[in-house]
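> One letter stands for each residue in the lines below.
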Amino acid sequence: MRLTDLQRDFLGWLASGDDEAAARLPLADPRGLRVYQNNYRGALMACLAESFPQTLLWLGEAAFEGAAARHIDRVPPSSWTLDDYARDFPESLCEDYPYDQEVGELARIELALSQTFIAADARPLQLDQMAHVDWDRAILQTIPALVILPLQTNAADIWIALAEDLPPPATQWAKAQSPLLVWRLDALCRLRSIDADEAAMLACMADGVPFADLCATAIAQWGEEEGLTRTGQGLSRWVGDGLITVLEQ
Amino acid sequence: MPAPRFGLGLRKPHYADFLASPQPVDFIEVISENFMIPGGRPREILRHMRETYPVALHGVSMSVGSADGLRGDYLARLRALVEEIDPFIISDHLCWTRHGAHNSHDLLPLPYTDEALDVVCANVARAQDALGRKMLIENPSSYIAFADSDMSEWDFLTRLTERTGCGLLLDVNNIHVSATNHGFSSAAYLAGVPFDHVEQIHLAGHTRSDDLLIDTHDQPVPDPVWALLRVALARAPGAAVMIERDDAIPPLPDLLAELTIARAIASEVACPCA
Chain A
1 MRLTDLQRDF LGWLASGDDE AAARLPLADP RGLRVYQNNY RGALMACLAE
51 SFPQTLLWLG EAAFEGAAAR HIDRVPPSSW TLDDYARDFP ESLCEDYPYD
101 QEVGELARIE LALSQTFIAA DARPLQLDQM AHVDWDRAIL QTIPALVILP
151 LQTNAADIWI ALAEDLPPPA TQWAKAQSPL LVWRLDALCR LRSIDADEAA
201 MLACMADGVP FADLCATAIA QWGEEEGLTR TGQGLSRWVG DGLITVLEQ
Chain B
1 MPAPRFGLGL RKPHYADFLA SPQPVDFIEV ISENFMIPGG RPREILRHMR
51 ETYPVALHGV SMSVGSADGL RGDYLARLRA LVEEIDPFII SDHLCWTRHG
101 AHNSHDLLPL PYTDEALDVV CANVARAQDA LGRKMLIENP SSYIAFADSD
151 MSEWDFLTRL TERTGCGLLL DVNNIHVSAT NHGFSSAAYL AGVPFDHVEQ
201 IHLAGHTRSD DLLIDTHDQP VPDPVWALLR VALARAPGAA VMIERDDAIP
251 PLPDLLAELT IARAIASEVA CPCA
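From first to last, the protein sequence lines stand for chains A and B. Counting with my numbering, you get residues 1 to 249 for the letters of the first sequence. Counting with my numbering, you get residues 1 to 274 for the letters of the second sequence.
For the record, the hints were derived by calculation from the structure and aren't laboratory data. Note that the structure is predicted; figures quoted are calculated from it, not measured. A virtual CB, placed ideally from N, CA and C, is assigned to each residue, including glycine. Relax, there's no trap hidden among the hints.
Covered stretches of chain B (in silico footprint by chain A; criterion: 3 or more residues with CB under 8 angstroms from a CB of chain A, positions within the stretch not fixed):
| id | segment |
| --- | --- |
| 1 | 93 to 100 |
| 2 | 107 to 116 |
| 3 | 210 to 219 |
Please model the entire structure based on the sequences and the hints provided.
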């Protein structure tokens with residue numbers, strides 16, 4: 001059997017666990033096959049449990065393991081790193097729990113925390129550097145370790161309660177999406193709810209935007225006085241939270 | 001400067017110990033993939049550790065046995081880490097983990113055939129070119145054997161070193177596990193190893209499950225593995241020796257005590273009259 005065919009068939013058997021597929025493998029001694037099957041599913045199950053600890057608590061162990069097992073059956077791992085296997089699990093949970101939207105949102109929060117934890121480093125603008133910035137030429141960009149999640153439920157409050165070992169609140173649904181900001185500051189991941197206007201301003205800085213354009217957009221939306229006030233207040237908070245870097249033209 | 005000799009695999013439960021004060025190890029080994037990330041605290045810790053300790057990068061996902069070759073994005077990430085950390089050893093396993101887009105995240109065994117040897121040699125050569133460094137390849141533990149294997153694992157490794165110039169990372173626990181599972185002699189294995197190419201030795205523990213030994217890295221190094229270390233060090237006296245513990249990780253002093261045993265064995269082998 002050619003090596004490429006053997007490897008294709010072996011992975012097919014790992015994913016399916018099918019006895020007929022195992023019987024087709026050209027083995028001299030098949031006794032240890034179960035070890036590989038256990039390793040494969042065990043590693044993926046452990047990855048999901050470690051990546052989504054509060055989602056596991058919210059669902060309960062049996063329900064979480066059931067959802068994880070269905071995900072493992074549906075989605076074979078494709079990345080070189082096991083950590084990436086967590087990436088698609090929130091979508092699977094949304095499919096599994098279409099009427100319990102907080103489940104998928106809890107998982108999205110945990111995925112965002114994992115992603116920001118290892119996102120690229122940056123040198124965020126410091127408050128004491130603001131006086132030295134040429135604001136007419138400055139381009140503002142959000143740090144790589146920043147994610148904005150549009151949430152429809154109080155999943156953030158549930159996550160915080162579970163993480164602090166407190167009784168979680170009952171699920172509540174919002175009429176409008178409530179954005180949640182997740183970011184890393186000083187090696188620690190943080191989160192806070194923001195309003196739609198702040199979410200839009202942060203989103204427009206993701207690829208870098210001249211500060212002058214940011215002000216012009218705010219003035220167009222809220223008028224000169226309120227637009228500049230909002231931009232100034234936002235800028236002060238974003239710098240305090242370590243959310244933005246400055247690239248000068 | 002003498003080559004680092006005795007080290008530990010650095011794992012999360014021991015970060016605080018290593019950050020708090022210098023530990024009596026000559027080097028640390030880390031799992032490469034855990035640090036092939038864009039940034040954040042893990043990479044910061046590794047940079048910090050590198051200021052104090054020589055570092056060995058030990059990979060689990062290069063997949064040198066993949067029939068469809070290596071992934072360029074993987075090599076690029078590993079090269080970036082190598083350039084930043086300047087490890088004294090870069091290693092991975094004689095195994096395959098991936099085919100096409102499907103990754104197993106397990107160290108899967110190869111049939112020991114001429115075709116597989118051609119594949120592994122081509123992949124190791126490509127990796128060494130991409131990294132600009134020699135690699136060490138580790139003998140795996142295995143639980144199955146293939147009907148069409150036509151050479152022993154040690155012959156396969158010998159021919160691999162001859163064709164690619166790579167070095168060997170000899171895991172003596174893996175030898176014991178595979179020898180027990182497949183019914184061959186550990187002594188015969190060691191007799192066939194090209195020790196001129198052995199630059200590092202791994203020590204670990206295992207678990208028995210029914211009729212198989214499983215390479216779990218969750219137990220202290222057992223006596224049969226210490227015995228193999230003694231034989232290996234007699235043939236490769238300059239090899240760097242380290243202990244791998246990946247599960248049921250004990251307090252750091254427990255692992256340092258095991259490392260003291262390894263140092264004592266090395267001393268006895270170097271000077272048997274002492």
